[in-house]
Amino acid sequence: GENVEQHPSTLSVQEGDSAVIKCTYSDSASNYFPWYKQELGKRPQLIIDIRSNVGEKKDQRIAVTLNKTAKHFSLHITETQPEDSAVYFCAARSIRDDKIIFGKGTRLHILP
Amino acid sequence: ETGVTQSPTHLIKTRGQQVTLRCSSQSGHNTVSWYQQALGQGPQFIFQYYREEENGRGNFPPRFSGLQFPNYSSELNVNALELDDSALYLCASSLQPSDYTGELFFGEGSRLTVL
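Protein sequences, first through last, are from chains S and X. Counting from 1, position 71 in the first sequence corresponds to residue 71 in this note's numbering; the numbering is continuous, with no gaps. Counting from 1, position 5 in the second sequence corresponds to residue 5 in this note's numbering; the numbering is continuous, with no gaps.
Hint data in this document are derived by calculation from the structure and do not stem from the laboratory. Be a bit skeptical, because a hint or two may be false.
Calculated cross-link-like contacts (lysine to aspartate or glutamate; reagent style EDC-like; alpha-carbon spacing at most 16 Å) [claimed, not checked]:
id, chain 1, residue 1, chain 2, residue 2
1, S, Lys68, S, Asp49
2, X, Lys13, X, Glu108
3, X, Lys13, X, Asp85
4, S, Lys42, X, Glu108
5, X, Lys13, X, Asp84
6, S, Lys37, X, Glu82
7, S, Lys104, S, Glu2
8, S, Lys37, X, Glu108
9, S, Lys104, S, Glu5
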């Protein structure tokens with residue numbers, strides 16, 4: 001089955017700087033890659049997603065890139081703000097079984 | 001549009017007991033997925049129900065079982081509870097098939113503590 005690896009597990013960046021979180025997946029049949037943000041004590045919420053027929057997608061300060069050949073995808077947050085502090089999860093969905101499998105998460109700290 | 005709701009929000013059980021967690025899916029959704037999230041970890045896929053049938057299962061033993069009802073709400077049952085079952089149990093609903101996105105909408109979770 002699908003396996004998703006995510007790193008780093010913890011990331012601290014100065015407010016205003018950029019943050020990058022990287023994930024790899026194992027199943028070449030995966031075709032959908034969402035990113036979720038989970039604030040302390042709250043439910044995970046989708047922040048951006050990308051399908052396998054697209055190499056990059058942007059939404060304001062957030063962008064995701066996908067390299068299907070290397071089976072890795074990344075989340076980029078520019079001009080970070082205090083409210084970006086949270087745990088971020090990458091995930092992948094395979095057409096073999098339709099399951100969405102999550103990485104272990106990255107705790108992002110935005111330093112003042 | 002009604003969001004995903006879960007009950008109970010918190011519960012405490014002892015080893016060997018059984019627990020049932022409930023989830024009401026978002027209006028218009030036909031699929032419910034259950035995840036276990038241990039402290040500091042990512043959500044681990046337990047199983048998924050589509051139109052009342054299980055259509056995917058993660059690496060969880062048979063004492064984890066579920067149901068989906070005609071109104072697409074769902075239950076997660078765990079028998080013979082173990083200490084390691086202590087976690088946040090997240091339910092997520094989605095609409096499938098859906099041009100292969102099937103965005104998950106999560107509930108707030110049920111936090112289970114096993115003593």
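Enumerated hints in conflict with the structure, sorted upward: Hints 2, 6 not satisfied by this model.
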